[in-house]
Amino acid sequence: MVLLLQYTLLFASVLILVALGGCFSEHSGVINLGLEGIMVMGALGGALTLKYIDSSLPAIVIVLAVLAISILCGAVYSTLLAFACINFKADQTLVGTALNLLAAAAATVIAKSINIIEDPNNVSSTVQYVEAKKALVVNLGKFQFNWFMLVAFIALVCAYVILYKTRFGLRLMACGEHPQAADSVGINVYTMRWAGVLISGMLAGVGGIVYITAGVSEWKFENGVAGFGFLALAVMIFGQWKPVNIGLAALLFGFFRALSNVYSGFDFLAALNIPGSVYNMMPYIISLIVLAFTSANSRAPKAEGIPYDKGSR
Amino acid sequence: MSAENKGAVAKEKESLLAKPAVQSILASLLCIIVGLFIGYIALLFINAKGANEAIVTIIKNYFTYPTKAAALKYCGNTLVKAAPLLMCALSIQFCYQAGLFNIGAAGQYVVGAGASLFCALKLGLPWFVCLLAALVAGGVYGVIVGVLKAYLNVNEVISGIMLNWIGLYTVNMALSSVKESSSPYTLSLASTNEAALLPSLGLEKLFSNNKYVTVAIPLAVIIAILLKVVLSMTVFGYEIKATGIAKDAAKYSGMKEKRNVILTLFIGGALAGIGAAFFFLSGYEQWSVTQSSVPGMGFNGIAATFLGGLDPIGTIFASYFIEHITSGGSYLDKNAYPSQISDFISAIIIYLCGFVLFFKFFLNSRIRNKKNNAEGGNK
Numbered sequence: 001m002v003l004l005l006q007y008t009l010l011f012a013s014v015l016i017l018v019a020l021g022g023c024f025s026e027h028s029g030v031i032n033l034g035l036e037g038i039m040v041m042g043a044l045g046g047a048l049t050l051k052y053i054d055s056s057l058p059a060i061v062i063v064l065a066v067l068a069i070s071i072l073c074g075a076v077y078s079t080l081l082a083f084a085c086i087n088f089k090a091d092q093t094l095v096g097t098a099l100n101l102l103a104a105a106a107a108t109v110i111a112k113s114i115n116i117i118e119d120p121n122n123v124s125s126t127v128q129y130v131e132a133k134k135a136l137v138v139n140l141g142k143f144q145f146n147w148f149m150l151v152a153f154i155a156l157v158c159a160y161v162i163l164y165k166t167r168f169g170l171r172l173m174a175c176g177e178h179p180q181a182a183d184s185v186g187i188n189v190y191t192m193r194w195a196g197v198l199i200s201g202m203l204a205g206v207g208g209i210v211y212i213t214a215g216v217s218e219w220k221f222e223n224g225v226a227g228f229g230f231l232a233l234a235v236m237i238f239g240q241w242k243p244v245n246i247g248l249a250a251l252l253f254g255f256f257r258a259l260s261n262v263y264s265g266f267d268f269l270a271a272l273n274i275p276g277s278v279y280n281m282m283p284y285i286i287s288l289i290v291l292a293f294t295s296a297n298s299r300a301p302k303a304e305g306i307p308y309d310k311g312s313r
Numbered sequence: 314m315s316a317e318n319k320g321a322v323a324k325e326k327e328s329l330l331a332k333p334a335v336q337s338i339l340a341s342l343l344c345i346i347v348g349l350f351i352g353y354i355a356l357l358f359i360n361a362k363g364a365n366e367a368i369v370t371i372i373k374n375y376f377t378y379p380t381k382a383a384a385l386k387y388c389g390n391t392l393v394k395a396a397p398l399l400m401c402a403l404s405i406q407f408c409y410q411a412g413l414f415n416i417g418a419a420g421q422y423v424v425g426a427g428a429s430l431f432c433a434l435k436l437g438l439p440w441f442v443c444l445l446a447a448l449v450a451g452g453v454y455g456v457i458v459g460v461l462k463a464y465l466n467v468n469e470v471i472s473g474i475m476l477n478w479i480g481l482y483t484v485n486m487a488l489s490s491v492k493e494s495s496s497p498y499t500l501s502l503a504s505t506n507e508a509a510l511l512p513s514l515g516l517e518k519l520f521s522n523n524k525y526v527t528v529a530i531p532l533a534v535i536i537a538i539l540l541k542v543v544l545s546m547t548v549f550g551y552e553i554k555a556t557g558i559a560k561d562a563a564k565y566s567g568m569k570e571k572r573n574v575i576l577t578l579f580i581g582g583a584l585a586g587i588g589a590a591f592f593f594l595s596g597y598e599q600w601s602v603t604q605s606s607v608p609g610m611g612f613n614g615i616a617a618t619f620l621g622g623l624d625p626i627g628t629i630f631a632s633y634f635i636e637h638i639t640s641g642g643s644y645l646d647k648n649a650y651p652s653q654i655s656d657f658i659s660a661i662i663i664y665l666c667g668f669v670l671f672f673k674f675f676l677n678s679r680i681r682n683k684k685n686n687a688e689g690g691n692k
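Read top to bottom, the protein sequences are chains U and R.
When you line the first sequence up against our numbering, it's residues 1 to 313, in that order.
When you line the second sequence up against our numbering, it's residues 314 to 692, in that order.
To be clear, the hints were calculated from the coordinates, so they are not data collected in a lab.
If a hint is listed, it holds; no wrong ones were tucked in.
In silico lysine to aspartate or glutamate, EDC-like type, Cα no more than 16 Å apart, as pairs:
#	chain 1	residue 1	chain 2	residue 2
1	U	Lys242	U	Glu177
2	U	Lys134	U	Glu218
3	R	Lys435	R	Glu493
4	R	Lys647	U	Asp119
5	R	Lys673	U	Asp91
6	R	Lys492	R	Glu598
7	U	Lys51	U	Glu218
8	R	Lys524	R	Glu507
9	R	Lys647	U	Glu118
Using C-beta positions, here's what the derived DEER-type ranges look like:
#	chain 1	residue 1	chain 2	residue 2	range
10	U	Asn87	R	Val369	32 to 38 Å
11	U	Asn188	R	Phe675	20 to 26 Å
12	R	Ala361	U	Phe83	25 to 31 Å
13	U	Phe83	R	Ser504	51 to 57 Å
14	U	Phe83	R	Gly515	50 to 56 Å
15	R	Gly363	U	Phe153	45 to 51 Å
All values derive from a computational prediction rather than experimental measurement.
Built from N, CA and C at the ideal position, the CB exists for glycine as well.
Kindly generate the complete structure, drawing on both the sequences and the hints.
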């Protein structure tokens, strides 16, 4: 039971971080379908930091270093989306998809190259970080507390405050609702959208490293992050683009994702003899059902997905 | 050359550049060149010594074989994989004409593979039934996305991705009953049910008896041409395009946009499903029931379709090119370079395709400016 709670909180943290990322981007008016790819890049940055950092350093230093590198990788990678979609008015769906494919390919190439250089016979795309990963968790009795749970909670509170209580957040949302109106009162729509995309890159980058350190100590980058970026988008839609609702939605989705990790530990679930694949499918099925019921009356930002053109009416 | 002549030549050049087809080809070539260049830089970073040789290997693909017979045989292999890629690309393209981004093509491909292999191995049916099963399975899978989109306003990209994963796990479960006992792969068609293999009609003789070369390759090209005809010459094609360009206008002028969305996705799904049957019924590869990621065929289709300038005929060449460099990547020295460098190049190409619209706009506005200047000068 403790294990289920632990994994639920971990996966919920991933979903909260990434969904908040999507939330910032969409509130600024850019649909960020590249979240999945940004997660992969953040994960790669974080994993390599864990691999190379001296594991005898104090835990807090390791946690902060991993956080910083993941944030940086995510933000840098998201500039590709911002550049194409904001400045060059490219199709946001196409560019987002390209980012996902590019990240999967690039991360595999980078991880493999590093392995090959270390040992020419090691052609796998796996990065291992057994030792340094221990710094990320604190054992509270049976429950393994992960520092990233706290990070996700802080991000949630910050997102709420920034979006609804600060001048920046309200301006950001104006750019996603009616960019022409925002522009007419002197808000630079392009800058605001860049800010939205960069914030989404940072949050998704952290989400990536949390995902690949959840319960495992190595990651095969050929697998990417298994559609988690898109699950986060489903969480965001279910949460109606509002931080608090996103937090609750993430807990629900996290629970179903956690079930597939720990179902064999429950006697009554194991006795049902359902194949593991069914549990693996669960989060995706649930999200489809949830989307079917919530998309019709969606409260999506009105101008999302439409490139802003100063000259248009 | 007199000044007058020069002016005429320049004008001709301009009008050539102004043609949409020429612009598309130019844009695609530019994407390819830049994509390959960035790939080359990546190779330089990994290992500068062999980078020249590596990029040449990728571009040469089967031409690396010294004898003509061997080269032809491996050319056949590339074509075997290019046919399903073309089908996936057509699937995405057809839907894109209606304004739908069918990223679910990957999942429709997966269920197509599952249905055709299940019919072939478990039920022992002949190839045309298996092909039909793949068509229906892919189509129905597409319809799910279509209904969700048309009636419940679910973003087709997100539902497509979810269905990709659901499809993968379902097919893995369904096919685990027909797998080899000692490996995760499904039974081979040749030994279990030969009638399920696609007929070759003697085509294999053209490729040094490469037994995987089947009717799938010419069929895929014919389907591409057929789609071109449907899109440019029929009422249905016109409605699809009208729905894509202005959904509300299409609805206002009496087109049933909901029906069109669902029908488009059925056709798109069916195309991807057929693509899977084209590949797996050739016996080239067996399905691994433990695979934990969705096959890349559907995603590479996105690269092929945009590189082909969103035109079925252009997509034929683009699919071949993408498969050519993907196969070329597998000839790299595995202990020096990862073969995924080809996927990396394809991904860069897709990203660059995002700029194509801007490129055309830029080109057109330059041509217009020049024209205006020239006319102003005459006065």
